[in-house]
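Engineer: Sequence:
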Amino acid sequence: MNAVVRAESHLYSYNIRVRVDLGIPTLQDIPHAPSRSRPAPTLSSPDQPQRRRR
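Read in my numbering, the sequence shown has 4 at position 4, and its numbers run on one by one without any break.
No wet-lab data here; the hints were simulated from the structure.
Beta carbons: idealized from backbone N, C-alpha and C, even for Gly.
There could be a bad hint or two in this list.
To be verified - Label-pair distances were calculated between CB atoms; the ranges are: (1) Gly-23 / Asn-2: 14 to 24 Å; (2) Val-4 / Arg-52: 50 to 60 Å; (3) Arg-36 / Ala-7: 27 to 37 Å.
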């Protein structure tokens with residue numbers, strides 16, 4: 001990696017533009033996950049006692 005950075009800066013000093021691609025995906029390359037719709041919350045009937053979660 002150090003050699004790549006040094007070569008890039010050396011070429012840049014001669015006004016030569018360089019684009020180095022290491023093949024590592026960036027955030028722009030990773031597709032978004034499909035959104036999942038949440039099911040509507042079910043209301044408990046007044047006849048059933050509420051359960052407590054620990």
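Engineer: Each hint should be assessed against the structure and marked as holding or not.
Structural biologist: Taking the hints in turn, this is what the structure says about them:
1. Between Gly-23 and Asn-2 the CB atoms are about 18 Å apart, so this pair conforms to the stated range of 14 to 24 Å.
2. Hint check: Val-4 to Arg-52, Cβ distance near 59 Å, so the stated range 50 to 60 Å holds.
3. The supplied range of 27 to 37 Å is broken by Arg-36 and Ala-7, whose beta-carbon atoms lie about 46 Å from each other.
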